[in-house]
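Undergrad: Spelled out from the first residue to the last, the chains are:
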Amino acid sequence: MIRVELVKLFRRPRTWISMVLTCALPFLVAIFITITHLAPPPGQGSAFLSAVLQNGELYPAAALALVLPVFLPVAVAVVAGDSIAGEAAGGTLRYLLVRPVGRTRLLVAKLISVITYVLFVVLAVTFTAYATGIFLLGPSRAAAVGQAPGGVPGAGGGGAVPGIAGQAPTAGQAAGGAVTSLSGAPLSLLQLAERIAGAIAFITVSMLGVAAIALFLSTITDSALGSALGSLAALVASEVLVTLNAATVVQPYLPTRYWLAWIDFFRQPVFWRDIQRGFGIQAVYVVVFLAAAWANFSTKDITA
Amino acid sequence: MTDPAVTDAAAADAGSADAGSAGPGVIRTRALTKRYGAVAAVTSVDLEVRAGDRYGLLGPNGSGKTTLVRMLLGLVYATSGEIEVLGRRMPRNAREVLPQIGALIEEPAAYPHLSGRANLALLDAAGPGGRAARRTRRRRVDEALEQVGLGGVDRRPVKTYSLGMRQRLGLAGALIRRPRLLVLDEPGNGLDPHGIRDLRELLIRLNEAGVTVFLSSHLMAEVEQLCTRVGVLDAGRLVLQDDLAALRAPTGRIVVDTPDADRAVALLDGQVEQRDGHRLRVRAEDAAALNARLVAAGLRVSAIGAHQRTLEEIVLAVTGTGSDHVTPHHATADHATSDHMTSDHMTSDQPGGSS
Numbered sequence: 001m002i003r004v005e006l007v008k009l010f011r012r013p014r015t016w017i018s019m020v021l022t023c024a025l026p027f028l029v030a031i032f033i034t035i036t037h038l039a040p041p042p043g044q045g046s047a048f049l050s051a052v053l054q055n056g057e058l059y060p061a062a063a064l065a066l067v068l069p070v071f072l073p074v075a076v077a078v079v080a081g082d083s084i085a086g087e088a089a090g091g092t093l094r095y096l097l098v099r100p101v102g103r104t105r106l107l108v109a110k111l112i113s114v115i116t117y118v119l120f121v122v123l124a125v126t127f128t129a130y131a132t133g134i135f136l137l138g139p140s141r142a143a144a145v146g147q148a149p150g151g152v153p154g155a156g157g158g159g160a161v162p163g164i165a166g167q168a169p170t171a172g173q174a175a176g177g178a179v180t181s182l183s184g185a186p187l188s189l190l191q192l193a194e195r196i197a198g199a200i201a202f203i204t205v206s207m208l209g210v211a212a213i214a215l216f217l218s219t220i221t222d223s224a225l226g227s228a229l230g231s232l233a234a235l236v237a238s239e240v241l242v243t244l245n246a247a248t249v250v251q252p253y254l255p256t257r258y259w260l261a262w263i264d265f266f267r268q269p270v271f272w273r274d275i276q277r278g279f280g281i282q283a284v285y286v287v288v289f290l291a292a293a294w295a296n297f298s299t300k301d302i303t304a
Numbered sequence: 001m002t003d004p005a006v007t008d009a010a011a012a013d014a015g016s017a018d019a020g021s022a023g024p025g026v027i028r029t030r031a032l033t034k035r036y037g038a039v040a041a042v043t044s045v046d047l048e049v050r051a052g053d054r055y056g057l058l059g060p061n062g063s064g065k066t067t068l069v070r071m072l073l074g075l076v077y078a079t080s081g082e083i084e085v086l087g088r089r090m091p092r093n094a095r096e097v098l099p100q101i102g103a104l105i106e107e108p109a110a111y112p113h114l115s116g117r118a119n120l121a122l123l124d125a126a127g128p129g130g131r132a133a134r135r136t137r138r139r140r141v142d143e144a145l146e147q148v149g150l151g152g153v154d155r156r157p158v159k160t161y162s163l164g165m166r167q168r169l170g171l172a173g174a175l176i177r178r179p180r181l182l183v184l185d186e187p188g189n190g191l192d193p194h195g196i197r198d199l200r201e202l203l204i205r206l207n208e209a210g211v212t213v214f215l216s217s218h219l220m221a222e223v224e225q226l227c228t229r230v231g232v233l234d235a236g237r238l239v240l241q242d243d244l245a246a247l248r249a250p251t252g253r254i255v256v257d258t259p260d261a262d263r264a265v266a267l268l269d270g271q272v273e274q275r276d277g278h279r280l281r282v283r284a285e286d287a288a289a290l291n292a293r294l295v296a297a298g299l300r301v302s303a304i305g306a307h308q309r310t311l312e313e314i315v316l317a318v319t320g321t322g323s324d325h326v327t328p329h330h331a332t333a334d335h336a337t338s339d340h341m342t343s344d345h346m347t348s349d350q351p352g353g354s355s
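Order-wise, the sequence lines are chains A and B.
The first sequence stops at residue 304 when you use this note's numbering, and every number in between is there.
The second sequence stops at residue 355 when you use this note's numbering, and every number in between is there.
Source of the hints: derived by calculation from the structure; they are not laboratory data.
Just to be clear, a hint being listed does not mean it is correct.
Unchecked claim - Part of the chain B face toward chain A, derived, beta carbon under 8 Å:
| no. | residue |
| --- | --- |
| 1 | 75 |
| 2 | 94 |
| 3 | 98 |
| 4 | 103 |
| 5 | 105 |
| 6 | 109 |
| 7 | 111 |
| 8 | 115 |
| 9 | 125 |
| 10 | 127 |
| 11 | 131 |
| 12 | 153 |
| 13 | 157 |
| 14 | 161 |
Stated by the list, open to error - FRET-style restraints, in silico, Cβ to Cβ:
| no. | chain 1 | residue 1 | chain 2 | residue 2 | range |
| --- | --- | --- | --- | --- | --- |
| 15 | B | 242 | A | 91 | 29 to 35 Å |
| 16 | A | 135 | B | 130 | 19 to 25 Å |
| 17 | A | 20 | B | 155 | 22 to 28 Å |
| 18 | B | 80 | A | 237 | 37 to 43 Å |
| 19 | B | 31 | A | 296 | 41 to 47 Å |
| 20 | B | 192 | A | 135 | 55 to 61 Å |
| 21 | A | 303 | B | 80 | 26 to 32 Å |
| 22 | A | 20 | B | 100 | 43 to 49 Å |
| 23 | B | 151 | A | 14 | 27 to 33 Å |
| 24 | B | 132 | A | 32 | 30 to 36 Å |
Where is the CB? At the ideal position from N, CA and C, for every residue including glycine.
Between the sequences and the hints, there should be enough to build the whole structure, so can you do that?
TA: Right, here's the structure in full:
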């Protein structure tokens with residue numbers, strides 16, 4: 001069943017189109033920056049973006065920061081929201097269930113398919129952005145880039161992150177043999193590869209919270225659009241509350257509160273507190289909403 | 001899967017089912033009821049489909065046919081009552097029972113961007129069967145497409161298919177597992193007259209090869225030509241269930257078509273029950289004897305035969321109007337009666353044979 005879901009995922013034009021569009025945004029940004037040589041000053045704009053002119057190898061990190069707030073969650077909400085509701089609306093759900101595919105099994109297969117999709121898009125963004133960075137912006141010209149001013153780790157619940165030197169996974173740059181971390185200390189290439197992998201893992205897990213909410217809504221309604229928009233509404237609400245001082249009490253429990261904590265992978269040493277909390281809160285959301293999805297779906301009358 | 005406790009329970013289930021009545025039951029429900037909130041969709045239905053039956057479930061729109069079919073397949077959970085399919089309790093044993101069933105539930109469904117063949121292969125791969133199923137998959141897909149008349153189908157995606165092709169593809173999906181039981185909800189939908197005939201011939205052929213066919217329909221002519229046994233649902237209740245042959249047994253009346261109707265009425269004084277122009281319904285046992293008597297009296301007879309009720313008459317006699325027939329509350333009773341009268345007039349008696 002899992003194999004079937006993956007076949008369905010990758011034979012669907014939507015999967016490829018959304019991947020291409022998600023990769024296109026950082027590419028577009030890179031073109032503008034290359035032409036104008038105007039990167040946002042450190043501390044403003046999207047994370048890592050201020051440093052990419054000095055070091056194109058940083059571009060994967062900047063690209064992830066670009067797609068994380070909107071493109072990625074929208075794509076995930078659409079795919080996960082469609083997973084059960086789309087089958088119900090298309091009428092294929094009832095044929096799958098009498099085939100028979102167990103309801104729990106179907107739910108698990110859908111979840112794995114969504115995780116695969118997230119990883120696929122994140123990796124695609126990372127690799128295309130690396131290529132873009134090398135070819136358009138050029139490899140690093142200076143070993144050390146803008147230092148993190150202030151550098152209060154994890155302070156950024158909002159968008160702005162200090163100017164940075166992160167690094168791309170691959171290696172062999174004579175000029176920048178070591179890359180400077182956010183905190184100014186140099187990172188070895190192995191460390192960098194590990195940290196990029198960590199960031200990808202963290203972002204994927206962050207998206208799983210969205211996916212779980214969308215999957216749950218997908219078992220409630222037969223409208224794929226309804227479940228996708230419903231989960232996006234939850235995210236927007238969370239984003240609003242994260243920036244609202246009056247909502248400080250609930251902020252640690254909001255799904256988007258630690259979304260940007262992956263930036264802490266690029267500090268030396270890694271600043272684990274927010275990363276751990278981010279993993280923790282996503283795990284809670286995933287468990288709660290998957291349990292709710294399972295409870296609802298396995299007892300539901302399939303009338304679509 | 002091969003848990004001995006499960007197998008024992010199944011055997012016990014099957015045993016008790018066999019004890020219930022003669023002949024192995026393929027589908028059997030007891031007091032099956034489904035309520036959606038306050039609305040009762042299906043009420044206390046005792047369905048019985050025997051092995052080898054071609055069973056037609058009839059009923060007006062909204063009478064609960066689809067809900068009943070979905071309960072049999074474990075898609076909708078019953079509020080109360082018991083379901084036994086192929087000798088096993090459902091939905092508890094869905095994993096063992098469903099692979100032996102081919103189903104078409106309301107409209108067919110397929111992934112529109114994939115070809116018919118890819119759709120069938122994906123559906124087959126989604127279920128249990130493992131390596132053995134994979135080995136035979138391509139052959140079974142081809143075979144099923146061939147059976148429904150789509151053998152020459154190419155790689156075009158399903159979204160380009162006509163309604164009839166989709167229906168045929170849905171049917172192929174039901175056949176791909178070579179099922180022992182076919183459960184078909186409105187299988188004739190979207191098919192043209194040729195398609196309907198193909199479907200009928202296919203189902204009869206499969207049935208003769210040992211497949212039990214259970215179908216629901218609101219097309220009585222379709223059921224009359226195909227089925228050996230019928231059940232009639234009305235407002236969620238099974239109001240009739242019998243062999244078609246028994247239902248359509250001669251009624252002890254003869255239908256006579258004669259241009260000399262007035263003289264015939266005079267001759268058969270008291271035996272004529274109903275007159276409709278040149279057509280008389282006469283209380284008599286033997287058509288040949290009646291014919292001889294009329295001809296001997298110098299009356300011309302253009303057609304004569306035993307009177308049989310059509311399935312339509314039988315069904316309309318036991319059902320109310322469908323739930324899609326919405327009348328104002330104050331007039332509901334009147335309308336229902338007048339509707340019945342209209343339908344009775346429209347279904348004229350037909351002679352079962354000709355002279």
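Undergrad: Do the beta carbons of residue 151 of chain B and residue 14 of chain A sit within 27 to 33 Å of each other?
TA: holds, 31 Å
Undergrad: Just tell me: holds or violated, for the beta carbon distance of residue 135 of chain A and residue 130 of chain B against 19 to 25 Å?
TA: violated, 47 Å
Undergrad: Mind checking the CB of residue 94 of chain B against every CB in chain A and telling me if the closest is under 8 Å?
TA: The hint holds - residue 94 of chain B has a Cβ within 8 Å of chain A, the shortest such distance being about 6 Å.
Undergrad: Is the gap between the beta carbons of residue 242 of chain B and residue 91 of chain A within 29 to 35 Å?
TA: This hint holds: roughly 33 Å between Cβ atoms.
Undergrad: For the hint 26 to 32 Å, verify it against the beta carbon of residue 303 of chain A and that of residue 80 of chain B.
TA: Because 18 Å falls outside the window, the suggested range is violated.
Undergrad: So the hint says 37 to 43 Å: do the beta-carbon atoms of residue 80 of chain B and residue 237 of chain A match that?
TA: holds, 42 Å
Undergrad: Mind checking the hinted window 41 to 47 Å against the Cβ distance between residue 31 of chain B and residue 296 of chain A?
TA: violated, 28 Å
Undergrad: If you check the beta carbons of residue 132 of chain B and residue 32 of chain A, does the distance land in 30 to 36 Å?
TA: For residue 132 of chain B and residue 32 of chain A the Cβ distance comes to about 57 Å; the hint is violated.
Undergrad: Less than 8 Å between beta-carbons is the criterion; does residue 161 of chain B satisfy it with respect to chain A?
TA: Interface hint status for residue 161 of chain B: violated (14 Å vs cutoff 8 Å).
Undergrad: Min Cβ distance, residue 125 of chain B to chain A: is it shorter than 8 Å?
TA: Status holds, d = 5 Å.
Undergrad: Measuring from beta carbon to beta carbon, are residue 20 of chain A and residue 155 of chain B in 22 to 28 Å?
TA: Because 24 Å falls inside the window, the suggested range holds.
Undergrad: Should the interface hint for residue 115 of chain B be scored as holding, given a Cβ-Cβ cut-off of 8 Å against chain A?
TA: violated, 11 Å
This entry does not satisfy hints 8, 11, 12, 13, 14, 16, 19, 21 and 24, going by the numbered hints stated previously.
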